[in-house]
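**Q** Chains as they are written, first to last, in the numbering used here: chain A, 1 to 313; chain B, 1 to 393.
Only pairs whose alpha carbons sit at most 27 Å apart, straight line, appear in this in silico DSS-like list of lysine-lysine:
id, chain 1, residue 1, chain 2, residue 2
1, B, Lys387, B, Lys367
2, A, Lys118, B, Lys92
3, B, Lys92, A, Lys179
4, B, Lys92, B, Lys367
Worth flagging that the hints you see were computed from the coordinates, not collected in a lab.
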Amino acid sequence: MVVLIVSVAVLVVLLPPIGQALVGHPVSILPYGPNYYPSPCPTRIVTTGNYSYPTCTLPPSTEHLLGTDNLGRDMLSRVMAALPLDLAIGFVVTAFAALLGGSLGLVAGYWNQPRTIKGAISVAILRLTDIFLAFPSLVLALAIAATLGRGTLPTVLAILLTWWPYYVRLVRGEVLVVKHQPYVTAAKAAGLSDLRILIRHVIRNILEPVTVYYTLDVGTVLVTFSTISFIGIGVPLDVPEWGNMVEYYQTQNLMGIAPWTILAAGGAIFVTVLAFSLLGDGLRDVLDPRSRRALAQAAVPTTVAAPAALGEA
Amino acid sequence: MQCGGGPPEGNSVTEPVLQVEGLSVDYEVGAGTFHAVQDVSFELHPGRVLGIVGETGCGKSTLAHAIPRLLQEPPARIRRGIVRFRGIDLLKLPRWQLPRVRGTGISMVFQEPINSLNPAYRIYDQVAEAIRIRRLRESGQAPGLVSPQEPFDYSKPKMPNVGEVLLKPLVPSKGPASRRPMLSKDAQDLRATVLEYLKLVRINDPDTILNLYPHELSGGMRQRVMIAIALSGRPSLLIADEPTSALDITIQAQVLTLMKELMTEIRTSILFISHDLGVIAEMADDVGVMYAGHLVELGPVDQVYRDPRHPYTKGLLRSAPSKYKSEGPLPSLPGSVPNLSRLPRGCPFHPRCVLAHADCTQDPGPKLTKAVEAAGPEHLAACYYSKEVPGIP
Numbered sequence: 001m002v003v004l005i006v007s008v009a010v011l012v013v014l015l016p017p018i019g020q021a022l023v024g025h026p027v028s029i030l031p032y033g034p035n036y037y038p039s040p041c042p043t044r045i046v047t048t049g050n051y052s053y054p055t056c057t058l059p060p061s062t063e064h065l066l067g068t069d070n071l072g073r074d075m076l077s078r079v080m081a082a083l084p085l086d087l088a089i090g091f092v093v094t095a096f097a098a099l100l101g102g103s104l105g106l107v108a109g110y111w112n113q114p115r116t117i118k119g120a121i122s123v124a125i126l127r128l129t130d131i132f133l134a135f136p137s138l139v140l141a142l143a144i145a146a147t148l149g150r151g152t153l154p155t156v157l158a159i160l161l162t163w164w165p166y167y168v169r170l171v172r173g174e175v176l177v178v179k180h181q182p183y184v185t186a187a188k189a190a191g192l193s194d195l196r197i198l199i200r201h202v203i204r205n206i207l208e209p210v211t212v213y214y215t216l217d218v219g220t221v222l223v224t225f226s227t228i229s230f231i232g233i234g235v236p237l238d239v240p241e242w243g244n245m246v247e248y249y250q251t252q253n254l255m256g257i258a259p260w261t262i263l264a265a266g267g268a269i270f271v272t273v274l275a276f277s278l279l280g281d282g283l284r285d286v287l288d289p290r291s292r293r294a295l296a297q298a299a300v301p302t303t304v305a306a307p308a309a310l311g312e313a
Numbered sequence: 001m002q003c004g005g006g007p008p009e010g011n012s013v014t015e016p017v018l019q020v021e022g023l024s025v026d027y028e029v030g031a032g033t034f035h036a037v038q039d040v041s042f043e044l045h046p047g048r049v050l051g052i053v054g055e056t057g058c059g060k061s062t063l064a065h066a067i068p069r070l071l072q073e074p075p076a077r078i079r080r081g082i083v084r085f086r087g088i089d090l091l092k093l094p095r096w097q098l099p100r101v102r103g104t105g106i107s108m109v110f111q112e113p114i115n116s117l118n119p120a121y122r123i124y125d126q127v128a129e130a131i132r133i134r135r136l137r138e139s140g141q142a143p144g145l146v147s148p149q150e151p152f153d154y155s156k157p158k159m160p161n162v163g164e165v166l167l168k169p170l171v172p173s174k175g176p177a178s179r180r181p182m183l184s185k186d187a188q189d190l191r192a193t194v195l196e197y198l199k200l201v202r203i204n205d206p207d208t209i210l211n212l213y214p215h216e217l218s219g220g221m222r223q224r225v226m227i228a229i230a231l232s233g234r235p236s237l238l239i240a241d242e243p244t245s246a247l248d249i250t251i252q253a254q255v256l257t258l259m260k261e262l263m264t265e266i267r268t269s270i271l272f273i274s275h276d277l278g279v280i281a282e283m284a285d286d287v288g289v290m291y292a293g294h295l296v297e298l299g300p301v302d303q304v305y306r307d308p309r310h311p312y313t314k315g316l317l318r319s320a321p322s323k324y325k326s327e328g329p330l331p332s333l334p335g336s337v338p339n340l341s342r343l344p345r346g347c348p349f350h351p352r353c354v355l356a357h358a359d360c361t362q363d364p365g366p367k368l369t370k371a372v373e374a375a376g377p378e379h380l381a382a383c384y385y386s387k388e389v390p391g392i393p
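Put together the whole structure using the sequences plus the hints.
**A** Right under this line is the structure:
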């Protein structure tokens with residue numbers, strides 16, 4: 001069961017990048033580049049109400065598996081071309097947020113002795129975190145992105161600046177739990193220095209929840225990134241990105257005549273986020289012994305009952 | 001204040017491994033200040049085993065944790081006192097120096113073998129870690145305050161002062177010649193040493209145990225591993241904080257037998273904390289009885305048990321089940337332990353004491369002094385009327 005979830009999740013996550021690697025390759029499985037449009041493009045006539053007009057949007061066919069957009073561009077190629085950027089942003093931005101927030105959380109949780117310099121630093125970190133957490137993350141990210149101007153890097157910065165406080169909170173909480181465990185006291189009694197205990201004993205024992213949270217978070221960051229692009233203050237339109245694709249096709253009023261354009265980009269976001277969500281759940285089941293035991297117990301009755309039920313049938 | 005009478009050979013010039021003088025520890029929590037340890041003084045001589053006995057909440061564990069300064073501060077606060085370990089006052093050491101004393105100087109065996117091993121590492125890594133620390137200190141590559149090589153050489157005439165120790169570690173650096181690859185880099189050798197220590201604590205099949213995670217071991221096995229880790233630093237003082245309380249009775253007997261055997265093999269001074277009078281009788285040379293944070297009686301085990309000189313000790317011994325007197329209910333001490341944040345004035349035991357007089361309620365309470373008519377000069381009791389204690393029915 002667990003193995004199935006994880007393997008499906010890993011496949012869903014790993015297969016698209018492999019496909020994408022092929023898109024950019026000279027010997028591509030896809031016949032078109034992301035921004036290739038034929039001129040003049042093959043058209044079809046669309047009738048809405050009393051008006052009839054030609055459009056380049058072709059419905060999905062064997063030649064264009066996800067159809068074409070209003071400029072005759074192949075949607076499959078565009079969706080695939082956006083994948084590296086979206087995945088990279090998901091992984092890298094979350095990773096930076098986790099590293100930055102995680103390090104601050106380690107410091108804040110591990111050296112939280114009141115009335116010392118370290119304790120004061122810890123309090124300062126936490127209050128700064130509170131300031132950032134006081135704003136809804138999406139609103140803050142939008143505000144920063146709008147201030148920095150349109151572009152990929154400003155958008156990345158905007159998300160990074162809003163994302164780290166969550167990791168401060170998460171890591172600090174976990175550190176506070178671990179540092180009062182008897183084995184940390186035992187390590188102290190064995191003569192380990194504070195720093196060594198932090199690196200060897202504390203970090204090792206908070207890795208599991210942080211890994212699970214990170215994996216789940218990649219999807220969330222991706223949605224946020226796409227949202228910023230969708231609103232039109234994120235990635236420029238010539239960069240293929242799922243969020244701005246949805247925005248662009250929607251402003252071109254393609255929902256009525258060519259829904260596949262919007263659905264392809266939106267579906268890509270949906271599938272990717274779902275994949276990370278499943279991966280996170282699967283990782284949690286694997287890494288957390290308690291939930292694994294619960295799963296095993298839940299699985300036992302079904303496996304026992306199944307042959308009996310079959311026999312009766 | 002002399003207790004324990006020195007090492008078994010009777011060499012009176014030996015310096016104690018550990019001198020605790022007037023140690024007081026408070027817990028400052030929302031409900032008030034709890035005086036967990038009050039004005040406790042004792043000495044521990046090389047090769048001796050000092051048992052500390054007392055009921056739950058009397059401050060035994062706080063005392064055990066306060067010596068290597070493993071208490072969470074705050075809420076704990078060491079109010080005053082001197083903890084002199086091999087001439088170094090641990091309470092005056094800056095916090096960052098403390099790891100240099102622990103492990104190779106003072107090591108500890110804890111109450112909870114279940115959680116005292118890191119669940120994320122194999123047994124090998126955890127034992128090897130302690131050995132690696134000792135080797136780094138022995139080779140002079142990492143500073144240690146206490147030389148682990150000669151744990152029983154107390155012939156040094158003068159005590160090193162703290163400032164001197166801070167600037168120059170006691171373990172001399174052997175210079176660049178010794179900076180050749182460390183012994184610990186030799187994985188084979190490290191493994192052999194780990195195996196040696198696991199065999200020392202009588203673990204059958206140590207080759208298999210090495211590669212297991214803590215959750216795959218039983219409580220007794222985990223406690224053996226903990227003892228192996230504590231001993232692998234070759235400490236001059238081992239603090240055992242109720243090492244068998246969390247184990248069931250048969251495993252408890254095994255672990256105690258093991259510790260008893262180890263005591264004769266490794267002449268480490270041991271501070272043995274327990275609530276079990278029988279265990280202390282079995283393990284310790286000297287015994288200190290604690291009540292409500294105070295050390296009320298201190299002396300050689302046989303003397304204290306045969307001829308207790310504090311009414312509390314007397315009551316404690318009387319209420320222990322015996323295989324000779326099986327009739328009737330067990331006698332018990334009237335009343336209950338006082339709240340540590342509102343101790344009675346004077347002697348903390350006076351509200352429950354049959355010998356209590358008016359002077360027992362006056363501050364300051366009785367100090368630990370030589371018990372009147374006690375069998376030996378090392379037998380101390382904190383009671384004005386210790387002469388009358390044998391008369392209590």
